[in-house]
Amino acid sequence: MSAIVSPVRKPLITGSKSYHDITEDLISPTEKTPNALWVITFLMSISLLGFGLFCIAWTIWNGIGTWNLNRTIGWGWDITNFVWWIGIGHAGTLISAILLLFRQKWRTGVNRAAEAMTIFAVICAALFPGIHVGRAWVVFYFFPYPNTRGPLWVNFNSPLLWDLFAISTYFTVSLLFWYTGLVPDFATVRDRATGFRKSIYNFLSFGWTGSAKHWQRWESLSLVLAGLATPLVLSVHTIVSFDFATSVIPGWHTTIFPPYFVAGAIFSGFAMVLTLMIITRKVLSLEDYITIEHVESMNKVILVTGTMVGVAYLTELFIAWYSGYVYEQFAFFNRALGPYWWSYFGMMFCNVLSPQFFWSKKIRRSLTWTFFLSIVVNIGMWFERFVIIATTLARDYLPSSWSYYTPTWVEIGIYLGTIGLFFTLYLGFTRVAPVVAVAEVKSILKSSGDQYVGPNAHKHVSHDANKHGAGTTVDIDENPETKI
Amino acid sequence: MTKPDEIVPGVATYYASSFVKGGDYCPVLVKTREGRPIKIEGNVLSPLTKGGTSARAQASVLELYDVNRNKMSGAIGENGAITGMSWADLDKAVMGKLNSGSKIRIVTNTVLSPTTKKVFAEFQAKYPNTKVVTYDPISSSAILEANEKSFGDRIIPDYHFDKADTIVSFGADFLGTWISPIEYAAAYAKGRKINAKRPKMSRHFQIETGMTLTGSNADNRVLIKPSEMGAAIATLYSAMGGSVSAPKLNAKATKALNKIASQLRGSRGNSIVVSSSNNVMEQIMVNKINEMAGNLGKTVTFTHGSLQRQGIDGEIQNLITDMQGGSVDAVIVMDANPAYDLYNSNKFITAFAKVPLKISLSYDVNETMALCDYIAPTHHYLESWGDAEPKRGHYSIIQPTIQPLFPTRQAEASLLTWAASGNYKADAEQPYYEYLRNNWNNSMFGSQSNYASFRSFWDETLHDGVANLGAAAREYTSCAASVNAGQITQPSNAEIEIDFLESVNIGAGQYANNPWLLEMPDPVTRTTWGNYLGVPVKFDGKNTFVGFKGIGANMVKGYADVVNLTQGGAEDATPITAFPQFGQPEGTVATSLGFGRKTCGDAGRNIGTNMFPYLSADQNGNTQYFATNVEVSDIVDINYDFPCVQYHHTLGVTAKDAEGKEYNADEAALVDFSYGVVDQGYQGSLTNRSVIYTTNLNDLPAEIAHIEEKRAEAQHLNSKTLYPGHEYLYENGHHWGMYVDMNACTGCSACTVACMAENNVPVVGAKEVSRHHEMTWLRIDRYFYGDADNPNTAYQPMMCQHCDNAPCENVCPVAATNHSSEGLNQMAYNRCVGTRYCANNCPYKVRRFNWLDYTTADIFPANQIDLNEESVPYGADNLTRMVLNPDVTVRSRGVIEKCSFCVQRIQEGKLTAKREQRKLRDQDVKTACQTACPTGAIVFGDLNNKKGELNKALDHNPLVYIALEEINVQSSVRYTAVVNNRDESLDA
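Chains as they are written, first to last, in the numbering used here: chain W, 9 to 492; chain S, 386 to 1373.
One chain only, chain S, in its complex shape:
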């Protein structure tokens, strides 16, 4: 056997590729070990993401090893059972049913790949009556249509959040889910990272109902009902001077929008207004507002317009009509699941049944595939060749990092085969690779001038993974469309309205079968494994936080209330677990889309409730992500298994008394006697804790003084130690430390998933999470502070603090956890007996205990009592285990584990340096959370390296503090105070 040149056992190989799923895009480096992809890293060469990633991109590697993926081509029977067919037989069967007159539809979500589009063209050449139907489950249809009307350019603009001082977002969750969140988060963070010497930061207004990840990061949230979105946009438009009579909007929002308008007028060309509204007229108004604010061509540009959403809702609706009318001969479903993710999926299903030939090219098991006649499963992207053009002129390559695990065939190859394309050499060793390369030679090579030969161009591009080939300048300074206020959404009088949000974790259901994403707590609600109904919570002005209909009174015990959700007076009620959500406007509730998948892999099946049937379309056929025809019942049941990792939500919320004087609502809510009985509700604490520091930008000097005072006090106390003079211990060699910029952290949780992937953190499932048995080494604590009814949010990534005076270490009776000479708090798993004393004594509660055999690494075989009601725990089957990082021990039952500062990476870095006979350089070693972060909020490094990035970030930064410094555990992690730029005049 000859060893392949590029594989050295024990040494990782990285390949540049691109994570693409529908319109979601992330240029990545794929880490492979012994030929297996095991980890996704961001590609720092990308000018868009600059090395950032998202939780979805991080988790995508797990899908490669999905036990439920479609493993063979075949015919699909009535009950969804697949009868295997060889590819030749399948091709024969399919091609036998197609002729040049066949009316064929290819249904897909956004396609970023120019080569795939070329494949479509070849297919259309062979079958001229073929149409490609593109839609997106969470649609930006209205933006595309509005931009066509406004500028004659059907494209998503290129948004520059970094260049905007004032950011106004009407419901757009641009940091979490909207269009290109990694890119936007990186740009956004530039305006949010604060230099205490020259304090300046952007101001972000979010006008929304349910709290999105972006809304939680906003300085001001303007609370509206979802049906008021059109009115809110029109109000701003009118306040900017637009001639429109806006529908009536709640008074507080109207006032706020008028003030926002004056700020927009005051910073011409330095602001940005975005909206996720799927109403064309509302998007035209947004264009008008951007025009009036002078943003067109500055913060909203078009040359590099984004191609990441191309779907038009009308197209899929037309398809339903066509299919219903029997005028479609064949449907090829490529990368879409319309039987699940349309507001009228039931209509789609009925119409779809009338199509004589239905072929699914799906990678995974889904509702639409089950209705098809044939399955021609495609590769996972890590097994595929491909390309992407996420923005005009920005190209990216997808290259395989492993041989296909199963006899699947790339979707494009299937289409080319069926199209009997002459350009596709099916007998070549890598036929689609040849096709792709040829296409690049013919199309892209010509549009660049850096490389003379195609070969060097191709090799470089493949190596880099991305290529910026430039695009023809296209800028617009005025919006040509005319405004008609009659076409916007009119506010409803409904008693209760429900807002539907795209889940940061699982999108619109495309990622629903990914256990890592299901286990990752939703950044805002901190819930896992499902969607839950967020209901408003009010501070009663005295001493209690009261949830809507009394919901959440027992949250302190982890018991959640169940209510019935009814739509349009229907008889069937859907029971759904509800929880009090801070910042949820009165008269509204909110929940996530993407759950309740019925035909899906094991992990995602029947998790949560499918909300798509609650959606509707506006008069233009565009899907509207809210409903006004719902009823929420009183509490009908209690859910004792509510998988929420955080029961207590606030740290320093305030209320105003009758005289308008602000007081600490948390402390007021500390004790509540009602009828002589202690009834604490679920909120309230003493809040003067050195856990987070929060301040308004205007109060920055006072806060700096406050931090200085608190730290001086803590350091004074700490200097009274019984055992002084041990500082020298860490003065030589490395002393690892970390800095977390909480102003840059958006809470997106890419780091959480990256940590799970890097460190083989087991997935434990909903039941175990509900018992607070989650194993995450890195979590993001979320605290609400400020106005109790409309709070701001602080995200605090919390991992092992690697205390130099670690309280966990001295209490371990067997010294299983101990300190390295480089300041690392280490765990020796096979020494651990499992007393859990260390976990009790950890002030940061970051230590995780293997309560049950989550990994099947235990010495007792088959001792799993119905864990997750599966025969093996998540990720313990042989296929999924291929994703394990061989450098990290898989922990067995009964031992403690926790963040190691990615000690395996430190070790690798040191060994490399040693082999190269040099010193370890700063940033040679980066932790998994650091590389995953799209905003650069985490910096890891050597505290002894005075010139390193870490010390650069820490030096003379008066906002830096150590969490719980006064207990003298000497944490190695530094945080920054959270600064918001809230416009307090909006609250008045």
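One chain only, chain W, in its complex shape:
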């Protein structure tokens, strides 16, 4: 088999890996004792999670009054965090589904971790609708099922109900997609494992044998799920935005919200993927699989979506002025120059200005810059949700009711708890499953790996790849020693 390598496209897998190298590199972290860094990070995460759980228990036991929300500002950090986490949970499915359909091979290096991140972020997000309510013990009222209370049905007009469906659908499909991808990899782990561990992975891999039929069904399922997941990428945040857009509150009641929210979600999701990937590739030595090319590709997405979000912000301002509608005009005055001006300026700086650095190729390819800016972007996206939710509610129609809001330690604690939950799950994930999709990476090794490029492939001189002119053909079958 030979591959046609364009000199324009950089190899996606470096380090002249063989199939066996890939297996070793990616499976071994699940087989080794964790290092001290992992242990420390895990302890910190689980401590945060513990504190978060305490704060949640405190809230449920004593009431939402342990938060500083008030008669005017009914949602604050709770829903800000909810939307923020949901937004973060967007990159995974986008990478998996849409990039799969668009045949973007670079996705294989990051899709597994991104999908995991999606699932964990959605878990963090889904926590908030459950605990932000006054009576958490009756949240089952949200579910439409035949019941003995009438039967009393839910209100299908309510965007919160749409939200419930959107998020649960998204979570289910994302989880299936992620797990489907994991099945062959679990089988690889199983094949290397012994004893009890082997039987667990055998169960997890559903008895995968690697037969052609398995692969064929597996690929069909992946495609079907990708097809299902693609609209979800757009729909989830669209529906989350309906929570606000269908209301009558100036600053919420905006038709631009669906695309604006989706762009913002992808923006923050990619930023979070980058934050995590930059750490993961370093800690697990995956530099050859998650390369600067990946980082640069994702930075381009951040630049595009960040700019889209910026256009949305400016459009909102323009429409507020153009509408001639005094409440909307004031809502935006208030956002930018009201008592919460700092959050608006934080949002503008972090989301609109900071991604513009990525016009520079040098910065796009700099890990330090990328890491820093990815965090800035996620801070900015948190600000954006805070601006939309708390700032808008604080000052709406009747000046008599205007109020102000700062969180209590309980609210901050729950937020920290979700960060703890997220990292606990992610760190656990790095221990039980390959963080890079082994099977999928192998599938692109021949087309996009560097060791099959050029006559000196055996000598591990990957940087020579670019010396070949366009259309150079390299026959990998010449190398019978390649290990699988």
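Any given hint could be a false lead.
[Said to hold, decoys possible] To give an idea of the interface, some chain S residues facing chain W are shown, with a C-beta separation under 10 Å as derived from the structure:
hint: 1; residue: 1072
hint: 2; residue: 1157
hint: 3; residue: 1164
hint: 4; residue: 1196
hint: 5; residue: 1203
hint: 6; residue: 1206
hint: 7; residue: 1232
hint: 8; residue: 1235
hint: 9; residue: 1277
hint: 10; residue: 1345
hint: 11; residue: 1348
hint: 12; residue: 1353
[What the hints assert, rightly or not] If we take Cβ atoms under 7 Å as the criterion, some of the chain W residues that face chain S in the derived model are:
hint: 13; residue: 41
hint: 14; residue: 43
hint: 15; residue: 79
hint: 16; residue: 80
hint: 17; residue: 82
hint: 18; residue: 139
hint: 19; residue: 143
hint: 20; residue: 149
hint: 21; residue: 152
The set of hints was computed from the structure by calculation and includes no laboratory data.
Beta carbons: idealized from backbone N, C-alpha and C, even for Gly.
Keeping the supplied structure of chain W fixed, place chain S upon it in accordance with the hints.
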């Protein structure tokens, strides 16, 4: 067990009675359920109040169930601890110490009851050296003395605010606290309700310092320092032609008073001048002014003179001297608290200690009672028999509505027992009832001719609660006293002066232990749970409102600044939370009296700061309610727990630029960059909101056109709905709606408390209010508009608007809030999960969330984290719970609640109609806020009843609008534009 005839479980029984506390009076109907009084309604048969009530009257039912009331007779030890004694032992002990030569003083605030006065007379017959010392904590002593000098009649005149086209008030808060505010508000509103076709309204000038409720309703406030009050009255007197050389007054006020004088001269007999000044000479001048304006006998009459203030400040001062001199053997404190509410209470306390026998008849725990030797606690008025004569010839009955909850004894019964009166049959079943009835038979029966038998007279009077027995005509047309300008208060040169106002909520401290009144926001300042220092605020002419000493810069965040208040160079400074008060004159500050009670029930103890020690007396011994010897420090601290329900105060204040052109100061203050940093201050917004409409009477046609245009625009937009054609939904059956006449609303907040009482609205306490967790279903928004430095005020009662296109309903995921076929927006509490989405999406922000377990109705027991630092929340103990309305669910933690349009009353009305096999009649159902209102500002009714009161009020009234009509929520509440009759020439 035999069921009492008059009690049907589930059906309320109403008894006519009278709320009387000192000189405060309100004829009421007491609603009882299963034998418990639970709600106060006004008595529409009263010619004085016409069914109106006040917040204090509404809240009085809660005092019955006060956990801290005096529950037993006994001896009081050193530390105030009570050693219980049986009534027989107590009587023996007291009577053993009294003999016919004992020099006894009975200390009381104003006594309205003729029968109580008869009891005093019997007591004096037995103990001839007994004197009754009457004083009032907020005194009208000077009016009484001036009227004695002017007319030979020591009485408060009968004021007719309804007959006056021009109303001039020198500091008198006649709509909020002064003498008979319910009666005055009803009369005042007659001249303020405006008919757009024949626009005519009275013009009200208020000359004052701190903004009173009345001042906020005035068309023009003339700003003076409190020490200038005498000068202001003299200036008006002199401008009216009185021969007096007035002390120097600030130029603006002088000019204004000259213009007011010309208006008074122009409407002879159609004006009224009142003053709360407690200086006799100033009150004589007010009488002279009324004489010159031709008001005597017209708007100021005496036949039905008011008895609601009878206290003479000198009397209590004489008592202090007597006690100090050791010439008093016994003091019986009846309904007064002189150890707290005198300017020289410390002197009273020292002198009081020298009295050998001190007996308190107090109902509640107070500072004076703690100093007494014996406590002989009286009943609550809802457990008492009694009568009242608030005005000459106007009588009123107090009847019990429940058996005494505790072994207390009515004060009069105690006095009669100690007087060993032969007319008092202590072994009768209801001895004081017999006594009262006999007194009525002997005294009042004879002065009427409608009833031939006493029995029918008594039964009718008891049924009606009030009786108008007529009074001998007494009118005066000239004021005989001579004027001596030397005896008025001379203006001070002090840098800062402080004005003390009676609190609308808790009076001079008599009501300080009532959680409903403490939680009710002060109508003007919108603060709760304490008194705070109002300081001037100026618009800087560019883009910022600047508070005195920079106070209030962080009000937008609810953070208030604390300053130190020092009196007369004293070393001890009192820290007090200050806030910027619009309309406060420069060089002055103001705060309320009545707070800072030290010996009091749990709710009122140590709430706010006691200001009585700052008061002083003038040369006649009359208490003066201001001080010139105070210093206000710079900001020393920040109060993060400022319990103020409204952070933003203005909606359309204006300023004038250098060329004298008016511009919108609110919008100018929208954005303020200083040093490149956003610094918004705490005011400023875009003001072209359809929340309130305000106009001067002269601009009425333009405003009507403006409203018409705005409404047409909104209705045009609304007609573009995606789902048209649903109007038929509410065309059949009832469609409940409400009309609020904002020109009649004075902001008195009786409705707020009535709503709390009717709907079991929990009290959450200062800390929770500071976090904006107040639960009030009905609030009164207060906006300042007009001249930024001397604004007018609009009050807007705001409750659930019962939108027919309700934004709260469609967002609820579980349909816990939904619409009835009669247009009511309903809450199903036990369906509510508590997402608060409905509250967020309510444009009127009227939905209230149970943030914590305010009622202990929660499913988790004992989950209150130091809420109010009490073991149980306010009102959650078993005694106070007796006040709950059994028709209204007590809400648990985590659910949303809001105004229901008193759906329980609607239901009751419909059931009654059904039982009587008839249709529901208009005004069969009245909401609690409607019945509480003293001015008839609220009309509830069926929008489908074309002939009903509601449609009568709405039809062809071009001032009617719907708040926020353009968002198409289709509110069922209609408001009227606020019209003021400001004399703009005074501002020039």
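Hint-by-hint comparison with the structure:
For residue 1072/S, the interface hint holds, the least distance from its beta-carbon to any beta-carbon of chain W being 8 Å, beneath 10 Å. Annotation: interface hint on residue 1157/S holds; nearest CB of chain W at approximately 4 Å, less than 10 Å. Restraint check, residue 1164/S versus chain W: the minimum CB separation of about 8 Å is within 10 Å; hint holds. About 5 Å separates the beta-carbon of residue 1196/S from the nearest beta-carbon of chain W, less than 10 Å, and the hint is met.
A least Cβ separation of about 8 Å between residue 1203/S and chain W falls short of the 10 Å threshold, and the interface hint therefore holds. Because the closest C-beta pair between residue 1206/S and chain W is about 18 Å apart, greater than 10 Å, the hint is violated. Interface hint status for residue 1232/S: upheld, as the beta-carbon distance to the closest one in chain W is roughly 8 Å, under 10 Å. For residue 1235/S, the shortest C-beta to C-beta distance to chain W is roughly 7 Å, which falls under 10 Å, so the interface hint holds.
Given the 10 Å rule on beta carbons, the hint for residue 1277/S holds: about 8 Å separates it from the nearest Cβ of chain W. Using the Cβ-Cβ criterion of 10 Å, the hint placing residue 1345/S at the interface with chain W is not satisfied: the shortest such distance is roughly 19 Å. Checking residue 1348/S against chain W: minimum C-beta separation of about 8 Å stays under 10 Å; hint holds. Interface restraint check for residue 1353/S: the shortest CB-CB distance to chain W comes to about 8 Å, inside 10 Å, so the restraint holds.
Proximity of residue 41/W to chain S is violated relative to the hint, the smallest CB-CB distance being about 44 Å (cut-off 7 Å). Checking residue 43/W against chain S by beta carbon gives a least distance of about 43 Å; that is not within 7 Å, so the hint is violated. With its C-beta approaching chain S no nearer than about 5 Å, residue 79/W sits inside the 7 Å limit, and its interface hint holds. With its C-beta approaching chain S no nearer than about 6 Å, residue 80/W sits inside the 7 Å limit, and its interface hint holds.
Evaluation of the residue 82/W hint against chain S yields a held restraint, the C-beta minimum of about 4 Å falling below 7 Å. Using the Cβ-Cβ criterion of 7 Å, the hint placing residue 139/W at the interface with chain S is not satisfied: the shortest such distance is roughly 11 Å. At its closest, the beta carbon of residue 143/W sits 4 Å from a beta carbon of chain S; the interface hint therefore holds under the 7 Å criterion. Hint status for residue 149/W relative to chain S: holds, with the closest Cβ pair at about 5 Å, below 7 Å.
Interface restraint check for residue 152/W: the shortest CB-CB distance to chain S comes to about 10 Å, outside 7 Å, so the restraint is violated.
Going through the hint list in order, the structure does not satisfy hints 6, 10, 13, 14, 18 and 21.
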